[in-house]
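> Please put together the full structure from these sequences, using the hints given.
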Amino acid sequence: MPRLDSPAELEALRQEILSKRDPDKPCITICSGTGCHAYGSEKVNAALEKEVKKQGLKAEVDVRRTGCHGFCERGTLVVIYPDGICYVNVQPEDAAEVVRSAKENKVIDRLLYVDPTTGEKVIHESDIPFYKYQNRIIFGNNRRIDPKSIDDYIALDGYSALSKVLSQMTPEQVLEEVKRSGLRGRGGGGFPTGWKWQTTRDASGEPKYVIVNCDEGDPGAYMDRSLMEGNPHSVLEGLTIGAYAIGSHEGFIYVRAEYPLAVENLDIAIQQAEGCGLLGKNILGSGFDFEVKVHRGAGAFVSGESSALMTAIEGKVGEPRPKYIHTSEKGIWDRPSCLNNVETWANVPLIINNGANWYASIGTEGSKGTKIFSLVGKVNNTGLVEVPMGIPLRDIVYKIGGGIPRGKKFKAVQTGGPSGGCIPEQFLDSRVDFDELARLGSMMGSGGMIVMDEDTCMVDTARYFLDFLADESCGKCTPCREGIKQMLDILTDICGGRGQDGDIELLEELSEVLRDTSLCALGGTAPNPVLTTIQYFRDEYAAHINEKRCPAYVCKELVSYYIDPAKCQACMICLRNCSAEAISGGKDKIHVIEQSKCTKCGNCFDLCPPRFEAVEKISGESVPPSLPEDERVLVRGKE
Amino acid sequence: MDQEKIDQIVDNYTGEDGVLIQLLLDVQKELNWVPKEAVQRISERLQIPLSQIYRVASFYKSMSLKPRGRHLVNVCLGTACQVRDGPRVMDRIRDVLGINPGETTPDMKFTLERVNCLGCCALGPVMVVDGEYHGKMMPAKAEEILKGYV
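These protein sequence lines map, in sequence, to chains A and B.
Mapped onto our numbering, the consecutive letters of the first sequence carry residue numbers 1 to 639.
Mapped onto our numbering, the consecutive letters of the second sequence carry residue numbers 1 to 150.
Keep in mind the hints are simulated off the structure, nothing from the lab.
None of these values were measured; they are calculated from a predicted model.
Note that the Cβ used here is the ideal one computed from N, Cα and C, for glycine as well.
Please note that the accuracy of each hint is not assured.
[Stated by the list, open to error] Using C-beta positions, here's what the derived DEER-type ranges look like:
1) A:Ser167 - B:Lys36: 52 to 60 Å
2) B:Gly102 - A:Gln486: 17 to 25 Å
3) A:Glu291 - B:Ala140: 50 to 58 Å
4) B:Gly102 - A:Glu93: 38 to 46 Å
5) B:Glu4 - A:Glu508: 36 to 44 Å
6) B:Glu16 - A:Lys132: 42 to 50 Å
7) A:Ala8 - B:Leu65: 54 to 62 Å
[What the hints assert, rightly or not] Result set (DSS-like, lysine-lysine): computed pairs, CA atoms no more than 25 Å apart in a straight line:
8) A:Lys164 - A:Lys179
9) A:Lys556 - B:Lys136
10) A:Lys485 - B:Lys61
11) A:Lys25 - A:Lys58
[Said to hold, decoys possible] Some chain B residues near chain A, calculated using beta-carbon distances under 10 Å:
12) Leu20
13) Asn116
14) Val126
15) Pro139
Now the structure itself:
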């Protein structure tokens, strides 16, 4: 690829790429995000490419592997352009038909998405309810780009914002534009991005650093992964624009250990950008130099905290430090360092290209633009959704998410990861933005949205988060190290049926100490999952403590499995599959679970055929005594 | 342990600052664990005290100071997997392998690890064996998959 030495040359390259592409030529795109990858998209892709060759259609049909499309529930996803015909759950065996249909411009009925509420088949991606209510200004290009091809990005106006900034704007103008857009940090804190940039720009000390935080540690959130894997150039472009505005010539991208594909695609993107003169010395002939290094994380949640991340980049143990002086003034090697999350950086080119006014017209008073959420857990349509700030929570869960599977009852949405909280049903009509979520005791976090239904125990959820945090606490400060441990012990006792009067109050008291005295946000926000569950689901805590009952039948020590003799058909399925050999019975002998042997693995409950439903969960009461031997003989066929 | 391999890894980072973590990750990838001899060699080459290297290597989850089994089984217990019965998948795998997370089977075949989110939450519960993702796990399905590994 030739080196580009001016904005005009970039534009010429774009025209050249476009001229070689026929917008009407069918293009089969295959989602190759990590989700679809797990479904076997690799094989689908190979089969499609083989078919194109076999049918001799190389000149007539394109095949492109793209980043994550978002509708992970239905992978492998295949979309055929220019019409946007969407196929779900595609298998390698479907390849021949898909290629033929693309060539003949036909639709394969059986691969279409069926709307579960209406039973109707949907042809076009944009008409599928999961996509229809979204506003995918950032995430939308993922499905049109091969992340390993800079040409694809350039063809979609890629690097035009950088070109504009370098040739037509002063750093001050860029700063002003970002400030006016109202962009706030997408990593969790929601700090105004433009002001953060300004602080680093104004801070004394050289060199200055800019950093991308791709240490997406919040369990249940994966939008940064999908952006970095699917459209790495958009992050690089945003970062370079930020560097120009701040006056930095060196950047770091910190990617967590669990995201190898992100590192791979990012490395390729950096190489390509450097090759074209879009990174490195004298970018687009402007005289501006900027270099980027990738730093692989090594598996530590706390290293996503800004000061800890910077310590890790220095090659030391990634622990946080007190931030009396902000990292924007003294960060990596005590130099001014501006850290933003992946999604934040990816917003920047859009703001430059479309203007601050356009950007600020999306969203609410205090939260502008869109936000990508990972809608997961007990919801029908799981995946990544990008919506304007201010959308009601109900729309996300029901209109986009399609509600709760198997007719179960909605219980709560957990947002903000281990620093966030659980939002109950009565607040489903709240508008989702930074301030509203905080008002409800939760937070935006990086955008995880985990839906919970009646089968989720809220005490166990609180225990889960503290277990997570106890594991991830670096141990540097005492309140976090010891406080989380104590709170976890209390919650484990409650879940185990050993809760006592006063436990709830003690949890609240400990929460206050953690909140006030922890060194970093990990400890400071650790009480949130506990406090919000106590606030909204106190009755569940009371049931565990007073009645030794788990209303959701989750806490193992409070649940027993029991076979209803009136329903058992002695089919032997549970008996054969019980790994603890706790079930007795025979071919015509009603099965009984021997409680002392039962490990409560729940296998029998899963396997009992739905037409019998003989296995029950019991909590808070004793298991009925088993039938006397002579009554256990099953008499069949008395209709 | 192959000293040359370690030297080669160290040589890749000549002249750079703050490379310890990246270097240890490379050693982990190359040898599947971080043996004492490697730590000693790195300490000599980079003139970093052993204690400092051990502090880094023991802090991070991706680095193992014990030899790992031939197959690495990661079970995700991120929130999305947690609410979709991930813990039951973990319980079953524990039973099947007879080890706890962080341990290796005596025949060195499997190492079991718990991960706090792999970022493919829509497919939860997720299990990864040797980098291959298996989504929508059920206890019985997980057991079956593990049986396929020799």
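> All hints, please: hold or fail.
Hints and how they fare:
| no. | hint | in the structure |
| --- | --- | --- |
| 1 | A:Ser167 - B:Lys36: 52 to 60 Å | holds, 56 Å |
| 2 | B:Gly102 - A:Gln486: 17 to 25 Å | holds, 23 Å |
| 3 | A:Glu291 - B:Ala140: 50 to 58 Å | holds, 51 Å |
| 4 | B:Gly102 - A:Glu93: 38 to 46 Å | holds, 40 Å |
| 5 | B:Glu4 - A:Glu508: 36 to 44 Å | violated, 59 Å |
| 6 | B:Glu16 - A:Lys132: 42 to 50 Å | holds, 49 Å |
| 7 | A:Ala8 - B:Leu65: 54 to 62 Å | holds, 56 Å |
| 8 | A:Lys164 - A:Lys179 | holds, 18 Å |
| 9 | A:Lys556 - B:Lys136 | holds, 22 Å |
| 10 | A:Lys485 - B:Lys61 | holds, 20 Å |
| 11 | A:Lys25 - A:Lys58 | holds, 11 Å |
| 12 | Leu20 | holds, 4 Å |
| 13 | Asn116 | holds, 5 Å |
| 14 | Val126 | holds, 7 Å |
| 15 | Pro139 | holds, 6 Å |
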